[in-house]
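Novice: The residues making up each chain are set out below.
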Amino acid sequence: MNWFLKGIRMGVRTEKDYHHETKWPSRLKRAQEGEVKCPTDAIGEEWRPERCIFCRACEPLFSPTGETLTPKVERSDRTFRRSFYLYPLDAGSCGACNLELRLISSPQYDMTRFGIFFTNTPKHADALVIMGNLGKRMEEVIRRAYDVMPSPKLVILLGTCAISGGVTGIPPDIRGDVIIPGCPPTPASILDALIRAKGGEIP
Amino acid sequence: MRIIGDLGPYCLTSEGLREGPCAREVEEHRDLGYGSFNFLYGPSAGGLLESVGFEIATYGESIERIGHVPYKGRQIKITQLPVEEALIRVERINGAFAASHSISFLQAVEKAFEAEVPYEVTVSRMAQLELERIRNNLFVIQRVLESASFLVPSYLLLQQVEEVNRTIARSCGHRYFFGANYPGRVECEHEVPSLKIGDVEKILENRIFIDRLQGNGVIKEDNSIGPAARASGFRYDARLDSDLFVYRDFDLKVPTQDHGDAFSRILVRLEEIKESLRILQELRVKPHTFPMRVRDGEGIGRVESPSGDLAYLVRIRNGRIERAFLLAPSSVNMRLFLRSMPGNIFTDFPFNWESFGIWISELEVDLK
Amino acid sequence: MIADLVLLVYALSILSLAGSFLSNRISLILLALASGVFAIYGATNLPSGIFSLVAGIVWTLVSMYSLVHYNNKWLTMILSGTVLGIIAVLTSSNYVEFLAGWETMTLFSFGGIGLYKKDWRPALTFLAFGELSTALLISGFALAYSMTGSLSFEDLSSPLPLIITSMGFIVKMGIFPFLVVEWLPIAHGNARSDLSAILSATMTMTGIYGIFKMETLSPVSMYLGIFLLLIGAFSNLFGALYFYVSDHVKGLLAFSTIENNGSMLALLGSLELVYGNLREFVMFSLLTYLIAHSLAKTGLFLSTGYIEGESLTTAKAFRHGLSVLGTVLMTMSMSGLLPTIGGIATWSLLESMFMEAITLPHLINIVPVIAGIMIGMGEGFATGALARFTSYTQLTRQKGKRYGIILTVSGILLLVTMGLAYLLSPFNTNVSQLGVGLNSLISSQYQRAFGGISPLYVLIVWPIIALVIYLSLGRRKIRVVDTWDNGSGQGFRYTSFGMANNLRLMLRALLRTKTGSLETSADIFWQAMLVLVRSYTKFSRLFSRSFMNSSITWYMIYMIVAIILIMVITL
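Residue numbers (the working numbering), protein chains in the order written: chain A, 1 to 203; chain B, 1001 to 1368; chain C, 2001 to 2571.
It is worth saying that the hints were derived from the structure and are not from the lab.
No false leads were slipped in.
Heads up, simulated DSS-like pairs for lysine-lysine below, C-alpha to C-alpha not over 30 Å straight-line:
1) B:K1077 to A:K37
2) B:K1196 to A:K23
3) C:K2316 to C:K2073
4) B:K1368 to A:K37
5) B:K1111 to B:K1368
6) A:K153 to C:K2477
7) A:K136 to A:K72
8) A:K23 to B:K1077
9) A:K123 to C:K2477
10) A:K16 to A:K72
11) B:K1368 to A:K136
Please read all numbers here as calculations on a predicted model, not as lab measurements.
All chains, please: the whole structure from these sequences, using the hints.
Specialist: Structure (structure tokens):
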């Protein structure tokens, strides 16, 4: 089987604009007035996506817009604009964040066209992507991974569990330079966040 | 009767609960002597999707004995919570098997409530389970291909995984079925992913790829579940046992293989994708609600997750969960994996490991 | 003049032997002097004096080392006696002198191996094979005597004595088929480091010398050449395989000796097959290999003196900048890397095989091809094994107290003797320089030029490039972090045994790997040989009960009497 020929015959599967409508998680907007009982206190004066687990408990007072969630990028670094190596670190996730992160390498999204790659050791990494709640013995692992990374380095918190804990535990004790909300964040919002973290423009 | 696994203080069999843990052979630990040492793989390595440790006793290269070292150790409290709130957490025990977990949990609750589940809801749940099976089996095969550095087919499969995820999102609103199932309600619409299974099948013609899987991690054990059992000739499947589903109406075929190695497990998963796709095409799914009366009681729900039997035992008092136990398929599969590994060498590890489709998230969870 | 030097060497070494009864220190100083003079004797007598030169250098290093580290009269006496025996072999002018020296070195080293461990089993193994080789030599020499009617080394009309004695020498070198019984590693591995060095670096060299000497006296025998070439290459490969899988600190070095002896035997075989320019080149190859092996092996064996424990996996060792430098140079040389003498030796060995494959007649030229393949593989395994040895004895160990000047000296000698290679090289002027500067090419040729290398160029350009890079880039900014052990915080543990296990598993059938056993060994052969050793033990026990009472005193008397007898015969 010649995979090369097969690849050519298949044509381009990569999407120029990889954003597409997903109801949950997406940006929520208030549709009706009323008191909401939110399990994670994501709804106070306004809706806070970094606390939201998109459990639909607030429906129909809030409704999803289908628009990709906007990540919070507090620090980006132009050093990474050509190549940006990620080391994914699972602190105690449910596995969905791990899977969604893997999917940004699928042909539809194709992270490599933006110069984003995975690496197998934090020693080669530009950013540490932390997913999930803080697991029983994971605190030291996170600290060690962060310590061995060369500077400059970014910490990316992926998913509500890693940002604020969600409903299943407490978040790891580390400050994120980039915060990607969602439970789990969609590949599109992960890719948006990564492109902005490396100082690029979202197509 | 077949033994499925430990469910809290009980042993779950195909005919119901038995008191006490399941009987199991005690493994003897012989002294490995000069030259042996312990090698820790993990907790966080590029080859591992989730954080987990493996303590490998070796003479170098060889795997003589292997043990699981937990690192994630998640604690999730669902007792004393109303069913709806417990469900939010149950969905997040294992994102990849969220439909299996929530449906099994809801079945247990419905048993406790002695509720009648309408046909439409049952069919919708079957559709969710089959979609989840397709996604997971594609992903397992992709992980094995990635371990072998077969990147073109690996990306091809990732594309199909993403395709299934989008189908799930269109169908149920969420790519991992979070919030798709409620007590008395199901949200999904009818959607079938357009997949190219032929492409996947052709991958398995590659001799180099097959060589890395054949004879790797042979395990033939009566007390096994899911694709691992079916790969070694046991026609075990919760879908055949359960009367909560209507698989019989769809003439479910359960594929089996004889060798019990990683290759057989991959073949079984591939056949399952085709079968699930067929069933999915025949099902008619739409959102549905039904009434449920809250009462005290206890029930067991069991479904066939992509990696085998998944069961919940739930007791409810005053509308809140009094106690809940989980039988995660990954715990049974982990035991099988650890038993199948000795005698192989380090490089066999990733292929065998990925072929079992184990998720650490549900394995290391402690339900309070 | 030369005869005077030999007399001086004899006098000094006999004095050293006698002096060992009085003072350890005096004896060793005398031994060092004797060795030094012997080296000079060799240097005045090139190229065949290479044997003496190398032996002299080795013994000087060893006696210095013993002077600093040991204080045991008996073992010093053993050292002097063994050296005396080897001197007798290398300077002999007739068969009797040769045999006398041969027997002296065998007996003394037998005592050394037994005394060191207080365990006579390995010593008896050594003696059994030593006597087997003596028996073969005696028959070969007797045949030669019957041909020429003279005991002195004279030209022979038939290759038969050469063939018989070659078998005897092969036994002593631990070459196949005697390789599989591992007698040499067992014996050499159970001696004190200094004696191990002498046994491995110079006693096996006497075997090479013996065959070389007999070859110069005998008519050319193509069949013997093919035989030696093939079993040499075979021993190289299998020596290297066992070298790779062995975990015994000294045992693995002894396997390396077999591997190197195999290479030299292949070259001795080649000498029987080729003529003209190519023969000169093969000679050059043999001599450089000899220098490379003896010097590096001495240093490596001496380095084991700083290690506590016998198994590489559990041994305790420390490193120090100087010892690391020395050991790395030795490892480089043994692995065949330029600019050390070992690099030249390995290159020229393989070049010889290539050129033989081109020049030898049809069908016979398959032999050097096969031999070259085996040697190539053997060198590869040996490199892996050496990397493992150096890592686990030096590189990965914690810093310790300052020691190892002698190791540094041994290591640097391997660079210095590169000059000797230039001196020995038969044709270093009339080839084009292939773009290499300094007019420093050592070339290989048969009827025409074939190839060349320039170790001097490497030696000079190498530091210059490093310096240029350093000066142009400046001091690197370095941040030291922990090893990434997948975050466990336990570090990575991997043992020496583990590193070699890949080969044990792959060659399971060949090496008869059993899990959980200390060494992997060819069981069938070993069982057979154990029977032989056991019967010899029985015999010697009977012998000692009747004549020697198995006490050290009687053993000493036996040895002294033997020497006096030998001296009388010699003079």
